[in-house]
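Residue numbers (this note's numbering), protein chains in the order written: chain A, 790 to 898; chain B, 9 to 123.
Derived from the structure by calculation, the hints contain no laboratory data. Beta carbons: idealized from backbone N, C-alpha and C, even for Gly. Check each hint, because a few of them may be wrong.
Derived DSSO-like pairs (lysine-lysine); straight-line CA-CA distance at most 27 Å [what the hints assert, rightly or not]:
hint, chain 1, residue 1, chain 2, residue 2
1, A, Lys846, A, Lys804
2, B, Lys22, B, Lys74
3, B, Lys22, A, Lys798
4, B, Lys49, A, Lys846
5, A, Lys798, A, Lys862
6, B, Lys28, A, Lys804
7, A, Lys862, B, Lys49
8, A, Lys811, B, Lys49
9, B, Lys49, B, Lys72
10, A, Lys804, A, Lys854
11, B, Lys28, B, Lys72
One side only, chain B facing chain A, incomplete, derived with CB under 8 Å [unchecked claim]:
hint, residue
12, Leu52
13, Thr57
14, Gln112
Each chain, letter by letter, is given below.
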Amino acid sequence: AQRVTQPEKLLSVFKGAPVELKCNYSYSGSPELFWYVQYSRQRLQLLLRHISRESIKGFTADLNKGETSFHLKKPFAQEEDSAMYYCALRVNYGQNFVFGPGTRLSVLP
Amino acid sequence: GAVVSQHPSWVICKSGTSVKIECRSLDFQATTMFWYRQFPKQSLMLMATSNEGSKATYEQGVEKDKFLINHASLTLSTLTVTSAHPEDSSFYICSARWQGTYEQYFGPGTRLTVT
Chain A
790 AQRVTQPEKL
800 LSVFKGAPVE
810 LKCNYSYSGS
820 PELFWYVQYS
830 RQRLQLLLRH
840 ISRESIKGFT
850 ADLNKGETSF
860 HLKKPFAQEE
870 DSAMYYCALR
880 VNYGQNFVFG
890 PGTRLSVLP
Chain B
9 GAVVSQHPSW
19 VICKSGTSVK
29 IECRSLDFQA
39 TTMFWYRQFP
49 KQSLMLMATS
59 NEGSKATYEQ
69 GVEKDKFLIN
79 HASLTLSTLT
89 VTSAHPEDSS
99 FYICSARWQG
109 TYEQYFGPGT
119 RLTVT
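Next comes chain B alone, as it looks inside the complex:
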């Protein structure tokens, strides 16, 4: 149980375009979802925390207008990278947990390459 999926697993987009990444909890209701960014050979950096039905809380230094997060349902959160630039190329990982528990279940990640 407690499976989190991400789609797509890999996406290439042109500079200036927007790309949407989906994160789904397959067998539980995710009251909270987290979005991380991981550069090659580096650790995960939390970008934002989103609770279902409310606005996401962004970490310092993360542009909320550039990284749009929507958590409209208990099983789906989306991250939209707007006006993507090559420096946005990275591995984006989501995780999810349900209310009353601290454990986060991680998705497999999405590799974004901006050309």
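Just chain A, same shape as in the assembly:
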């Protein structure tokens, strides 16, 4: 069965420090993974997707099929990065997503 895990419910880092939000998945098919972000009192929005290999707001994520991971990284965290981050796996031929439980990132001044 498909599943997405994010082991950390809360991650606190100081401004300027590197940050890594962990995501692991289990899926028998070819995985497509995404990171979504939800800032305070705002709707969920797409941050990045692995197939595009892009960097958004300084964040990057590499799909590691051997470790079944898709960790989100940023070398220097900013206070405005504080938000809820969800890792998501696209399943059922793209029909829907399975979301991880989310990690709340708090960047301290």
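Please arrange chain B on chain A, whose structure you already have, making use of the hints.
Positioned in the frame of chain A, the structure of chain B alone reads:
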């Protein structure tokens, strides 16, 4: 572009009554809409997927007779919670996408409180 709205943003209803939540795609034709449920400090759980003009596909454990989903047009889907109970209190979020794309655009959510 690609804006999804929900109405109402917050609703309180009495136990036993029904409440309808609307999800609209404002600037695109949504061939597929999704309904999620989010409990406090928890992740989104997919409830159902609806394609325009056809019956919704419900996830395991979601009662289709309790959570009625209608996707009658390419810009509107509705979720009706029938005979609501306090345990139905939650945050309901819809998302939408158009044919040929995987990206989902999320609505702002509707907070339902059943007293």
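Please verify whether A:Lys804 and A:Lys854 have alpha carbons no more than 27 Å apart.
violated (31 Å)
Does the nearest C-beta of chain A fall within a distance shorter than 8 Å of the C-beta of B:Gln112?
Holds - the Cβ of B:Gln112 comes within 8 Å of chain A, reaching about 7 Å at its closest.
Starting from A:Lys846, check that the Cα of A:Lys804 is at most 27 Å away, please.
OK: A:Lys846 and A:Lys804 at ~15 Å, within 27 Å.
Given the hinted pair A:Lys811 and B:Lys49, is their Cα-Cα distance within 27 Å?
It holds: about 18 Å lies between the C-alpha atoms, which stays within 27 Å.
Does B:Lys72 lie within 27 Å of B:Lys28 when you go C-alpha to C-alpha?
With Cα atoms ~14 Å apart, B:Lys28 and B:Lys72 stay inside 27 Å; holds.
Distance restraint between B:Lys22 and B:Lys74, which requires alpha-carbon spacing of 27 Å or less
Distance of about 15 Å is within 27 Å: holds.
Take a quick look at whether A:Lys798 and A:Lys862 sit within 27 Å of each other, Cα to Cα.
holds (16 Å)
Closer than 8 Å between Cβ atoms is the bar; does B:Leu52 clear it against chain A? Give me holds or violated.
Hint on B:Leu52: holds, closest Cβ of chain A at ~5 Å, below 8 Å.
When the nearest CB of chain A is found for B:Thr57, is that gap smaller than 8 Å?
Hint on B:Thr57: holds, closest Cβ of chain A at ~6 Å, below 8 Å.
For B:Lys28 and A:Lys804, compute the direct alpha-carbon distance and say whether it is at most 27 Å.
Violated. B:Lys28 to A:Lys804 sits at ~43 Å, over the 27 Å cutoff.
Pair hint B:Lys49 and A:Lys846, alpha-carbon separation not exceeding 27 Å:
holds (25 Å)
When you check the alpha-carbon spacing of A:Lys862 and B:Lys49, does it fall within 27 Å?
With a Cα-Cα distance of about 23 Å, the restraint between A:Lys862 and B:Lys49 holds, given a limit of 27 Å.
Violated hints, in rising order: 3, 6, 10; the structure is consistent with all others.
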